[in-house]
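Could you build the full structure based on these sequences and the hints that come with them?
Protein chains in written order, with the numbering used here: chain A, 62 to 144; chain B, 62 to 144; chain C, 62 to 144; chain D, 1091 to 1480; chain E, 1091 to 1480; chain F, 1091 to 1480.
A couple of the hints might just be wrong.
To be verified - Below, in silico cross-link-like pairs of lysine-lysine (DSSO-like), each with a Cα-Cα straight-line distance of 30 Å or less:
no., chain 1, residue 1, chain 2, residue 2
1, A, 101, E, 1127
2, F, 1416, A, 101
3, F, 1380, F, 1127
4, B, 101, E, 1205
5, D, 1440, D, 1300
Since the hints were derived computationally from the structure, they do not count as laboratory data.
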Amino acid sequence: MDSTLISQGLDLMLYGMGTVFAFLTLLVGITTLMSVVVNKLVIDQPETTVATSQVAQEKGQHSIEPRIIKVIQAALDQHRSKS
Amino acid sequence: MDSTLISQGLDLMLYGMGTVFAFLTLLVGITTLMSVVVNKLVIDQPETTVATSQVAQEKGQHSIEPRIIKVIQAALDQHRSKS
Amino acid sequence: MDSTLISQGLDLMLYGMGTVFAFLTLLVGITTLMSVVVNKLVIDQPETTVATSQVAQEKGQHSIEPRIIKVIQAALDQHRSKS
Amino acid sequence: MDNLISLWVSSGLAQMQSGQLIMMIVGLTLLFLAINKGFEPLLLVPIGFGTILANVPGAGFDAAPVYDAMGHLESPGGLLYYIYHAGIETGLFPLVIFMGVGAMTDFGPLLANPKTLLLGAAAQVGIFTTVLGAVALGHFGILDFSIREAASIGIIGGADGPTAIFVTSKLAPDLLGAIAVAAYSYMALVPIIQPPIMRALTTPAERQIKMEQLRPVSRAERIVFPLSLLVLVAMLLPDAAPLLGMFCFGNLMRECGVVNRLSDTTQNALINIVTIFLGLGVGSKMSAEKFLNPETMGILVLGAIAFCIGTAAGVLMAKLMNTVSKHKVNPLIGAAGVSAVPMAARVANKIGLEANSQNFLLMHAMGPNVAGVIGSAVAAGVMINLVSGM
Amino acid sequence: MDNLISLWVSSGLAQMQSGQLIMMIVGLTLLFLAINKGFEPLLLVPIGFGTILANVPGAGFDAAPVYDAMGHLESPGGLLYYIYHAGIETGLFPLVIFMGVGAMTDFGPLLANPKTLLLGAAAQVGIFTTVLGAVALGHFGILDFSIREAASIGIIGGADGPTAIFVTSKLAPDLLGAIAVAAYSYMALVPIIQPPIMRALTTPAERQIKMEQLRPVSRAERIVFPLSLLVLVAMLLPDAAPLLGMFCFGNLMRECGVVNRLSDTTQNALINIVTIFLGLGVGSKMSAEKFLNPETMGILVLGAIAFCIGTAAGVLMAKLMNTVSKHKVNPLIGAAGVSAVPMAARVANKIGLEANSQNFLLMHAMGPNVAGVIGSAVAAGVMINLVSGM
Amino acid sequence: MDNLISLWVSSGLAQMQSGQLIMMIVGLTLLFLAINKGFEPLLLVPIGFGTILANVPGAGFDAAPVYDAMGHLESPGGLLYYIYHAGIETGLFPLVIFMGVGAMTDFGPLLANPKTLLLGAAAQVGIFTTVLGAVALGHFGILDFSIREAASIGIIGGADGPTAIFVTSKLAPDLLGAIAVAAYSYMALVPIIQPPIMRALTTPAERQIKMEQLRPVSRAERIVFPLSLLVLVAMLLPDAAPLLGMFCFGNLMRECGVVNRLSDTTQNALINIVTIFLGLGVGSKMSAEKFLNPETMGILVLGAIAFCIGTAAGVLMAKLMNTVSKHKVNPLIGAAGVSAVPMAARVANKIGLEANSQNFLLMHAMGPNVAGVIGSAVAAGVMINLVSGM
Ligand code: NA
Ligand code: NA
Ligand code: NA
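See below:
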């Protein structure tokens, strides 16, 4: 019984650490590859991408945070009225 | 069977569009009427209404947004300490 | 039947008000005692306590409110760019 | 043609019962009071709107979900059904609101002058006299209230919305609509109800009493106080622990200084979201058969009496304290013991300024004001305990 | 060794079915459209991600909880299971979103020119012609849609995401994924779909029509309007009351001016939280067997047709109105009647500026734009009513 | 008189058991550590408070709801009951927290130097050695842990609160209180636990190693990374998909730039609300019978060992990498591989500055730091998979 528990623990250690290492090592490779590929693909149009996505955001429904804007405005108004 | 489906579709079109048009046409009338009535009723005391409701808001429990005020205050303090 | 109801009401009044007064009177004593004890214990190191807890807060995970900071920053930037 | 009939049969006009129509007008009246007269709008706007929605004939806002024999959903329930059963029947919404109120409460004035707790105790007399009044109405055969209903009506005098909703949802859910509406309406009417009583029970000289400035309260005291209160409640009055426990939790988050982001969210997004749904859920109990009856009128009258007695008891308690203590208390701040935070404190301040334009009572009145919140939560715990055993 | 086998057997690669793989690619495509092309990202990012999660083999995002005979939880359900059943099957999430949209909606332009409501009505022709198209496809044996499914497909033409999700979750939950994706995609494509139709149906002279400046709208009108709309809905069309009731509630909170903290939270934290979970929940219905079939292609085609017809109907209605009214309407703003707030209004403005660089139509187009929201909610109510009785 | 007895019988003092009293003191101690010593206050304040509430005798915070034979609610459950069963037993709260943590995580440093992922892998050795230690304690008859309990104890070494709670609620819910408290306490003790180990395993020369400045990371990489990670998890390790899927979702919302309002709410209101309730729910499992026993002592000891081994493994892995790679890594940043974001990274930075006051390691340490989050989520997935089959 006890030895089963120990052997289960050993199995967990072996296969567990094995999987963690295998997975993260693979992720190192895939991340490196991904960075190379992505940067090569996007390199010619970095400005475009940003611009597009900003347009995208503006196009999105309800994309402005009205409260934040009000806060900023209030801060500025208050400041101006004091100075 | 199929013809039932088609006739159901036609019914839906007929009664559906009919209801939509009837409802929104009625709403045109009611909205117009409402605007006339409301503006006539409120016209003498527009300032009062606004004032009352502002008082109302102040009277409401927990009506201040403390975080917003803190943010504004922080913004102003930070600005003053820099200038 | 009715008299039971009335006697229940009287019981509620008697024991209820009794408990409320007993509890809050006890709380007066405990609060007063607490204030004395706490202020005596903390009096020598008031600055330390505050400092410690500020450190504590900084040490806490995710303790910064990035949005608030962004708002303040935005308010200041906007103001500067206008002035 | 069948379709036209179907549309007509299912229209509101064809299904409308007179009770529903009247309740919709009640809902509109609540909205009018909230928006135009400033009656506790944060609660009465959602309650009023919920009242209208719950009484739209055939809209099914209140409908229970239907399951088939296999346990699969056949038709979903209505929005108000889910809100009521998930948040109010369980008591969750009032408890979360109490946590938020705790996070918004400054115990500083109370800690600087703890004996004002007694004013908060005295004002709860209104609660229990009203219970007595309700059972007396039964005794004289005028109205028929059970002891559970009488207790729920009394709690209106606590001048504390979430406490009233919590108690009523446990003891007399059928009265929830009427009691919540009465509680919030009278809290809004505090500036009208209280001043005559305060003036009648005090002399001009008493109203001019100047109180000593409050001592500064240390951060450590502010942190230890909610914990002391919690331990005391846990030892003596566990039935009050749900309400006061969450209240102390909110206050500890506020004062401890290390979880400001949690405290901020509790005071803003969380309490606002729950307030909206609490109001809608209370509105769902505003049906004609539960609201349009003589009992509601009785509840409104008893609730007003509760407020008056609570106010008077607070003022008289302050006068009593002045007979034994050398640190004089301005009796006007006793009226703030009913809670109705912060309006009752503002009323005390206003009447005080009338008597002496240099006498600012606001901070002094905040002590009994928050003491009243504790007092009515204690009263709620006692009543739930005693009534459940009766 | 057994453990290695267990790990392999439970790995995604070993369990992956081709359908799941394709659906994961569909999910990535939706993310690409949302992030790179700006297609309604607030919904399509969560929907796309939810699609991927729901199709991870063996991850159990969609798994139902398992209870033992005593009713104790044996294994908990997956995240998407809980989200779908608590928020979408019950209709709660679309209703809360509608409340939030109401709190974000400015009815000012509509109140200044109420007859633009008719443009919002006309654009709903797209909905019902599409229903007819769907049943016709069945008649000719091309695809097999029931009347409930046909109604759900038609509502894509309403150009209103939460309305489409609300109707579909009630009438044809199996099509939820396809219909939600179609609805949001076409809303994103409005700037591409609408202009050719608008140009084809108008003369340059018509496109240059200058409209009178909108009169200022008083605060009282803004407050009374949502209440009037609510009462009208309650009287005539209770089936539309859930959607329009919550819409009016949100708008009343916005305009009444006394519950700004509730309105702010509704417009921000609350609608954002619900949007995230609504999107994930819709994604959970994007399974291969429900999405990868000819019906989806049919839904996409019919949805596009619905948008086109709705746009055309709005423009033609405006031209019709000009034949009888002396206050001329620029027919371009009729296209905004499909809703797709605020994009359709911006498109009308842009095409207007092309014709005359001094003719700003944006505010004028906001009237039919929000009218379209009301129109499609009304259409939703009628369809739920009629179809349930068929 | 009966009423007095009833009040006394139901009072806390009369019902209090010694275990409850001790647990309330434990709760107060947690609050002291959180507030006065700054131990992970965001979690330990709610956990500590929840511990006190759950142990108030007779308050029923933990009570299950009672239904009558017809299925109607007779008495509602307690607040902590609902929180635990709705949010923790189902796994929903840890998953939502993970989404929030993802939205707060900057993968930039990791993307600039992907091989630091290996440091995050190595530090998970602590998890699995601890599992072995727990079963060994069983073998020698000292304590009695099942394999499910051993796995849950091991995950403390992952130094990641929500991961530990997620795993424990699935594998060994009875240990939830002890394990959550151990996990958060040791994360707070990182600045005390780690430095001696780091100094013992490195030479001054190694601690002075200067690392190359990190390259800038493009926005496109940041967007594609969470998707790549998601796909890899989906293919290979679906059991880790719930945790890592939500983590990647939060991060994608952060980085994609088109749903900032969703990302803001996720990082603020949503994660704060869930944190409060997660903490209270964990506290509800802190009952005397589950916490006051030798096993808890064993858990605390094993947890500390797990942290130490994890730290050592990270440092040694960095030294191993330096023997094969020409881009030298400062071994101090290996210690950050246990996660405990961002404290472990700050510790690495501080020890680095001691060795060389110009050597800023903070950004370099953030790579292994977030890698440790991924690593422990992967370990969690493997353990859930393997243990369920044992
Ligand atoms: Na009170
Ligand atoms: Na529409
Ligand atoms: Na970790």
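Structure-based check of each hint:
{"no.": "1", "hint": "A:101 <-> E:1127", "result": "20 Å, holds"}
{"no.": "2", "hint": "F:1416 <-> A:101", "result": "25 Å, holds"}
{"no.": "3", "hint": "F:1380 <-> F:1127", "result": "26 Å, holds"}
{"no.": "4", "hint": "B:101 <-> E:1205", "result": "20 Å, holds"}
{"no.": "5", "hint": "D:1440 <-> D:1300", "result": "14 Å, holds"}
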